[in-house]
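Kindly produce the complete structure, drawing on both the sequences and the hints.
This note's numbering numbers the first residue of the sequence shown as 1 and each following residue consecutively.
There may be inaccurate statements among the hints.
[As the list claims (entries may be wrong)] The calculated label-pair distances, taken between Cβ atoms and stated as ranges, are:
#1 81 - 17: 39 to 45 Å
#2 211 - 300: 17 to 23 Å
#3 197 - 81: 19 to 25 Å
#4 24 - 114: 52 to 58 Å
#5 405 - 284: 45 to 51 Å
#6 199 - 284: 51 to 57 Å
#7 237 - 408: 22 to 28 Å
#8 239 - 199: 48 to 54 Å
#9 241 - 368: 18 to 24 Å
#10 422 - 135: 17 to 23 Å
#11 422 - 60: 25 to 31 Å
Just so you know, these hints were derived from the structure itself, not from any lab.
Note that beta-carbon positions come from the ideal geometry of N, C-alpha and C, so glycine has one too.
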Amino acid sequence: MSTTFSPPAAHHADLDERIELILNEVIARNPAEVEFHQAAREVLDCLGPVIAKHPEFADHKIIQRICEPERQIIFRVPWTDDRGEVHINRGMRVEFSSALGPYKGGLRFHPSVNLGIVKFLGFEQIFKNALTGMPIGGGKGGADFDPKGRSDGEIMRFCQSFMTELYRHLGEYTDVPAGDIGVGGREIGYLFGQYKRITNRYESGVITGKGLDWGGALVRTEATGYGAVYFLNEMLRRRGEGIEGRTAIVSGSGNVAIYAIEKLHALGAKVVACSDSSGYVHDPAGIDLELLQQVKEIERARISQYAERRRDARFVAGASVWEVPCDLAVPSATQNELHESDAVALVKNGCVAVAEGANMPTTPAAIRVFADAGVAFGPGKAANAGGVATSALEMQQNASRDSWTFEHTEARLAEIMRNIHQLCDETAEEFGAPGDLVKGANIAGFQRVAHAMVALGLV
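Have a look at this one:
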């Protein structure tokens, strides 16, 4: 383990002032993009000691360059619904950093999608991907399209129109998208089919999250949820504790939440609550995963339907799932869903560890509450990196025309999550913040990208 690095106090204050000036410039250059401002502040607030140790990063203006995307693509997406009515949506792709490899990050289809959200996601992706140790850069994309309630034909026509514009910017050595909120196996299939049709190439590695019959990888569906729980387990192990026998809650009820619940149950915890945008269900006997999958993945129904079919489960409309007492919490829905008041409630009810399954689901004020209370906290760029790590494993299999077993791939995922936790933990220790995995993740991810940027020159 490296020795702890502590710059002189006066020098550190001067660096903090310089970094604050850089952050103000970023905010001024990207007005009204509040989620991106939040993500940038979280990273930059950690970087004073790094710049003190590596002054070459300041000389090369690494922070300024890393906060400016290499490319931003915005385009219209025209499509027709089943009645023949024309709709126009906005699509986008932010290719943020290719210092470590081709741009890699998901596509999100949701009415809330705008440039600020895509930039925050892409910025987070840079450091998340760096932490995996895989040769992948950072990017993100999506559209303000709502797939809920749309037929398969409407989804297909939208995806084909979206890919007809985006394809020219993609490639297995250029930019490799995947799924995110609103983009699952169905959407990935339509997107890849249109890419194949336009390019006349079966370039499997150009998109990840594919079906198992046409280039997909085992464990990719489960990877983000499984990975978050593996990371949670490592945080507890570091404290001499474990998951078995604990009560847990997971926000959300989509892909990440479902497989986080599955792995928590497998490791001996009991998940008693999960949620969607309409409210949450509390099931004291433990969430019935098969029923949850039936309601959310097959029927695509509201979570209230779960409570209607499950004895002793209750649905609470419009309320926060964080009011349910628990030992472990895995926020897995969306950004800024866990607020300061929620964190206070979790601490009061005995929560000892939080691992982010979603991207930036915990507000800065809530993170401070957890830190002050000594709650183990795993930030999303570390805790939910299992999804993109397994996407990179899918790319490896595509490149070698190979297919790995579930057991082999899951073992690789578990190893990657252990390595990420160890790297974050050791980096936090090295830079004088033992146990602070937020600082550890931000510094470790930044350093890997920064060293590559210095080596590659001013590009």
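Hint check:
Distance hint check: the CB atoms of residue 81 and residue 17 are about 54 Å apart, inconsistent with the given range 39 to 45 Å. With their beta carbons about 18 Å apart, residue 211 and residue 300 fall inside the hinted range of 17 to 23 Å. Separation of residue 197 from residue 81 is about 22 Å and conforms to the stated range, judged on CB atoms against 19 to 25 Å. Residue 24 and residue 114 have their C-beta atoms about 22 Å apart, which leaves the hinted 52 to 58 Å range violated.
At about 37 Å, the beta-carbon gap between residue 405 and residue 284 misses the expected band of 45 to 51 Å. Checked against the hint of 51 to 57 Å, the C-beta distance between residue 199 and residue 284 comes to roughly 53 Å, which is consistent with it. In this structure the supplied range 22 to 28 Å holds for residue 237 paired with residue 408, their Cβ-Cβ distance being about 23 Å. Checked against the hint of 48 to 54 Å, the pair residue 239 and residue 199 passes, with Cβ atoms roughly 50 Å apart.
Between residue 241 and residue 368 the beta carbons are some 23 Å apart, a value that agrees with the proposed interval 18 to 24 Å. Hint check: residue 422 to residue 135, Cβ distance near 20 Å, so the stated range 17 to 23 Å holds. Roughly 28 Å separates the CB atoms of residue 422 and residue 60, a value that falls within the hinted 25 to 31 Å.
Consistency with the previously given hints fails for numbers 1, 4 and 5, ordered from lowest to highest.
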